[in-house]
Amino acid sequence: MLRVERLSKEFQNGRGRSKTTVKAVDNLCFQCQPGEIYGLLGPNGAGKTTTLRCLSTLIKPTSGNVFIDQFNVLEHGQIFRSRIGFLTSDMKLDGYFTPDYMMNWFGRLNKMEAGRIEQQKEKLFNDLQMTDFVNKKIDQLSTGMKQKTAVAISLIHDPEVIIFDEPTNGLDIVTSKAVTDFLVSRAESGKIVIISTHNMTIAEKLCHRFGILVDGELKEEGTLNEIIEGSTRDNLEDVFFSYILPGGSHV
Amino acid sequence: MFKDSLIILRKELRRMFTDRRLLFMLVVLPLVMLPLMYSFMGKANKARMVEINSYSSRIAICSGEGGEEVKGWFLESLFTLNAHIETTGINELDSLKQRVIDKDLELLVVMPENMDEHVRDNSVFDLSIFYNSTGDYSMFAFDQVDIAFAAVAEAIIRKRIIESGMPEDVLTAFTINQQLSADETADLAEEGSAMGKLIGVMMPFFIVIYLFANSMKVGLDSVAGEKERGTLAMLLVNQVSRLSIVLGKMISVMVAAIVGAVSSAIGLRIASRYLIGMSRDSGASISDYTMGSMAILQFAIVVVPLAILISSLVLLVSTFARNVKEGQGMIMPVYIAVMVMGVTTMQTGDIPPEWMRLAPIFNSLVVLKDIFMQNAVWGNIVFSLATSLAVASVLVFITLRMFNDERVLFRI
Ligand SMILES: Nc1ncnc2c1ncn2[C@@H]1O[C@H](COP(=O)(O)OP(=O)(O)O)[C@@H](O)[C@H]1O
Ligand SMILES: [Mg+2]
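So the sequence lines, in the order shown, correspond to chains P and A. Taken in order, the first sequence gives residues 1 to 251; the numbers are from our numbering. Taken in order, the second sequence gives residues 1 to 412; the numbers are from our numbering.
Simulated from the structure, these hints should not be mistaken for laboratory data. Do not rely on the hints blindly, as some may be mistaken.
[Unchecked claim] These stretches of chain P come out as covered by chain A in the derived footprint (C-beta under 8 Å, 3 or more residues): (1) 49–58; (2) 75–82; (3) 90–96; (4) 101–110.
Ideal Cβ positions, reconstructed from N, Cα and C, are used throughout, including at glycine.
Using the sequences and the hints given, assemble the complete structure.
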């Protein structure tokens, strides 16, 4: 189980007199069970990336903590890293190498044995329908193929927790569906999946639980039913907009 | 841990040595740049010399009355020149001057009245030779006429001396280098050291340029580029320690730097043939300059730490910058400073000022010069090695600190 406890992150901008503090994430609490897909929803600048970076040990929370089972991110960074697979938004892999080469390379960095790397490669290449292009240079691949490659690489070590920052951003609907189907299959096999997105349609179909993040604060949290029951709106998108559009009931 | 560095290094090296474009920039360019440049310059120079020598200069001689005999001597002295000579009276002086201005004439020689009488009376007379320094051939013609007329002057003096009854010997006070035996040469430079000097003066400059250029080509992309593309985060969420990442990347940048230094050294060695062809006063002992194994060892002892220093400098900037472009902007001033250092060492004489021996980078360049000129001192070599490594370790330390600082890695 992954648990986020009162997570806050502040950034200091500028220095001296013009120093300002940005509260990117403010007192965030949510949790996610194995088999669940959690959707962190929010407009640009809401704090999604910051939250996911905290979960994946890239940055340190200003306060609060994150747990995977009994391990917490502040003390057990190394264990966290071995258990999570993280995908940055808008990642561009070095185009010079092939997906196959990159998989081997990341596998070795994850201290995997050659046999296990082969096993994982075969599984991921099949599941993501990549077999046709794994030996082409990444430069020569389409945006969709590149994203599939990035997804595969981030999961080479078969992590229990999958953390993807806007994984369908900029993809056509076919690849987008391939990626979301893949995430569903991962969840079904007992992984914890956390994604961020600002695409409500995809989120509504894909995720089991949601957190609506605006200005670093979690405005709503729960399953689709829980969120809609507690509000006057009848779909997720309207609830979302009620928090961010001028004239929305929560603005 | 070092295994991880090795995994990272291997990928970077594979990239470097299999990507043809990169390989061209890192290895081929420094190798062929100088030979191409100098062979081109040499050819152009030669062509120019041929052109000048085949050019027929237009010279006008305008003389006053009463100097027919002496004028004859002057004209005779110009016989061997490839020149077109016209002679006129003094009344045309102004129009002739205008023709020099218009570059219609290379030279105008004005001879005074009564030259014959002056020569007979042992009195001094003055010639004016007008030229145009903006003309292509005017200065060249001036030099030639100057030499030819000096011969006339000597002939006149010789005649006077003989007429005065003095022995002809008084004309020559002494000679220089006329009595060396057949197997003796005046230039006592050691075999190959004339070439060594030439190379020694130029080499440090080009070495430091390519150390830097190659470090930049590989190093800026290595961290700043990965930040920009988002792949650095992928690397950081792996099991790899940050020290391994820094080391792996650092060594790959260093390899690129050293490859550039060695290529440019070989390139300059090849180019020096053309270079020697261009400079007049170097003798024959030049064609066989070779670096002994000791010199090569010394070269390595200086260049490798210098490469470490420069690549760690580039890597530091690369780590601090948000993207490649910002990195380039930050590194440029440093690059220019290093170029200035290179030029400075090129222009200092055989004994550099003390501070140059103390300052990092500078001292390596100065020692490199010593090595090529075959007079390096081990103390200086070791000192430059020590300073390079000391500065480099400080830079690596700072880079590591930055690698552990999210404010640097995820600066926006
Ligand atoms: N490294 C940083 N330094 C300063 N401010 C930051 C940094 N990262 C994010 N922020 C700020 O935090 C807020 C949330 O950003 P982010 O987490 O990227 O939002 P999202 O991913 O939801 O678009 C923004 O106001 C952003 O400017
Ligand atoms: Mg984001």
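Worksheet item: Count the residues of the segment 90–96 of chain P with a beta-carbon closer than 8 Å to any beta-carbon of chain A: does the count reach three?
Response: holds (count 6)
Practice prompt. Establish whether the coverage given for the segment 101–110 of chain P by chain A is satisfied; the threshold is a Cβ-Cβ distance below 8 Å, and no fewer than three residues must meet it.
Written response: Since 5 is at least three, the answer is holds.
Worksheet item: Can the segment 75–82 of chain P be counted as covered by chain A under the rule of three residues or more with Cβ-Cβ separation shorter than 8 Å?
Response: holds (count 3)
Worksheet entry | 8 Å C-beta test of the segment 49–58 of chain P against chain A, three or more residues | Since 4 is at least three, the answer is holds.
Violation of the numbered hints given earlier is absent; every hint is satisfied by the structure.
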